[in-house]
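Chain by chain, the residues:
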Amino acid sequence: MSQPLLRIEGVEAAYGEIVALRDVNIDVNAGEIVTLIGANGAGKSTLMMTIFGSPRARAGRIIFDGSDITAMAPHDIARSGIAQSPEGRRIFARMSVYENLQMGAAVNGGAFFNEDLERVFAIFPRLKERMRQSGGTLSGGEQQMLAIARALMSRPRLLLLDEPSLGLAPLVVKLIFDTIRDLNKREGLTVFLVEQNAFHALKLADRAYVLVNGRVTMSGGGRELLARPEIRAAYLEGGA
Amino acid sequence: MAAPNDRPRPVLQTALVDAGFAGLVTFGLSFPLLAYRTEQDMQNQLVVEPRWSLSLVAVVAIFCARLLAGLIQDWRARALAIPGALVAVYGGRLALVADPATGAGVACVGLALLAIAFPLDARLRHAPAQVARSEAPDRGGLFAIGGLVALFLFPFIMLAWLGPAGSLKWINNFGVQILIYVMLGWGLNIVVGLAGLLDLGYVAFYAVGAYSYALLSTTFGLSFWICLPLAGLLAAFWGVILGFPVLRLRGDYLAIVTMAFGEIIRIVLINWTDFSNGYAGISSIPRVTFFGVPFTANDDGFATLFGLEFTPIHRTIFLYFLILCLALLTNAVTLRLRRLPIGRAWEALREDEIACRSLGVNTVNTKLTAFALGAMFGGFAGAFFAVRQNFVSPESFTFIESATILAIVVLGGMGSQIGVALAAVAMIGGTEILRELDFLKQIFGESFDPAQYRMLIFGLAMVVMMIWKPRGLISSRAPSIFLKHKRSVAGSMVREGHG
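Going line by line, the protein sequences match chains A and B.
81 is the number that my numbering gives to position 81 of the first sequence; each next residue is one higher, with no gaps.
1242 is the number that my numbering gives to position 242 of the second sequence; each next residue is one higher, with no gaps.
It is possible that part of the hints are untrue.
As the list claims (entries may be wrong) - Examples of chain A residues lying across from chain B (beta carbon under 7 Å, computed):
| id | residue |
| --- | --- |
| 1 | G81 |
| 2 | Q84 |
| 3 | F92 |
What the hints assert, rightly or not - For each label pair, taking beta carbons as the anchor points, the in silico distance ranges come out as:
| id | chain 1 | residue 1 | chain 2 | residue 2 | range |
| --- | --- | --- | --- | --- | --- |
| 4 | A | E118 | B | F1220 | 39 to 47 Å |
| 5 | A | P170 | B | P1470 | 30 to 38 Å |
| 6 | A | G140 | B | V1025 | 53 to 61 Å |
| 7 | A | Y15 | B | P1470 | 45 to 53 Å |
| 8 | A | K128 | B | Y1453 | 31 to 39 Å |
| 9 | B | T1398 | A | P170 | 42 to 50 Å |
None of these hints come from the bench; they were simulated from the model.
Even glycine gets a Cβ: it sits at the ideal position worked out from N, Cα and C.
Please work from the sequences and hints to get the whole structure.
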């Protein structure tokens, strides 16, 4: 395999004095689903934000598709082909579903808007029904669908998903994860998924990393990690 | 619907207890405020004058109103019953104290209102809940056209009705004055309502615009039509200057810095006397001309040119149309921008800045354009202010102006254009109306000046608004894109920062 699509190299990030990430090394190859699991406060979301340049990495490099994006402005990073469905969904509550999707296409100036709209409506038919509702009136699952759809509108080569299962009913979680798998299988979309829901995430992922207190402590194939007793003990059985 | 069968206590009893309590509170409050008043007597000494009847009236009025509110559940019936009760109480007092015949008449009117309210309440309460009409015809467009026609006809109607002398006050104090604030409100609405950047120093741009015209016209003799865009540009420039340092600030912190900015501009204008002539201000600013034709009684004046008899009202009417067009321009630009990516980015920024950044929105540019555009319209309004007053001084640009404009935007429901216009009419028109309420002197005595109570009434109105319409007069947000017709979303359905 040639060089990975996203390479995180020795990244360290901090909020003032408090160091959130230490020497994190992660590779995401094109066409893969890679997941990062970890407990609350392990630094998962910080890593997501650091990829997007806020907070900036204090040390190390982030390389996307061969170019160094460590010091780039957030909007330029988005323009280079990375899209994010942020933690807590962060949809625009008082704007309609349609307008939310328009914002998602802001990066490429809406050049493929209609085409992409059809595409995300085919993936999430529910959003088509809700097109004119304002985002804040959607249910949690629909909001998550909207957050993913909004991210897809920019035609990303790498999709970052930050805890898409947060606060959703098991059935909806399954639907979301099935969709992610589908997108990956059918369109070859590369996905970097951050999750607390270790079971679902590991089952889905080609490869996985475990983050503890800002350090990567384990890595391997998704199913392989799922079988390890220490993972089962720390994230699956005790963590209900 | 409220289930009537699981009431713990009978309605009358609950309402009585509640009303009695409200009456007690009123008594406690009115005792120090109303029951005694200090007056200077003949020997120039302070004496206490008892005014127990006023206190009594307040207690009785509050008791009745509260009782009725407890007994009557439908708000429409309440709206009828409570004024009815107040009128009845007032009539009763009048009958006892001063004029039995008139008092009895007034009391009868009040009682009649009450008598209508009770059966009305019963009917409305048992009427089936109205089904929302989903296919209502779009009346918004018609309403807007009607409103525009009315606005354009307003000065002529006033002129025909009250004559040149009588209509001056209405066109100037009401028309022009309100429209200035409508325009300022719409300008600030871009910054506060759309982009969600709390700006407490908006008056600074108003000042920049006013001084731009004042200085450019008096120093270089430039005409209004050249100065107007220059004033807008200079204000936009200062908007960007303010925008840069506050890019990383939000909410309270942003409000404090912008407030300081407003004060800095004012204090610089006061102290840099070489530039701005300090407190004395700049006077004899050229008056507005009809595209070069002055509004004077001379042979080359407007009146002679159009074969009219000279009156100063011509200039006022021209100013009215000038500010009307400027305000409509502000509105048109805002409405247009809301449909363009930049306007959508403003709104998205208001909703969630982090999400914006992760979607590739350049938040720096987005904020700066919002500041610049809002400031530009403030600058236009400032230039208009200068040409209307033909005098500017720092006194006109105090913090209370910023607060008033912000209050208009908030009261109107942030982001709603029509709401802002209504709020400007209510706030500015309301204060002007207070000067007209001479009949209140007959009730409260000759020394009563309603205009003195305007801040009190204003404050009260704000409190009432925050209780009943916490998201402003027009709190729904019309989508900028829709299929067949607009379906706005009620403000209460969505809360900032919550899904």
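**Unmet hints by their number, sorted upward, for this structure** = 1, 4, 6, 7, 8 and 9
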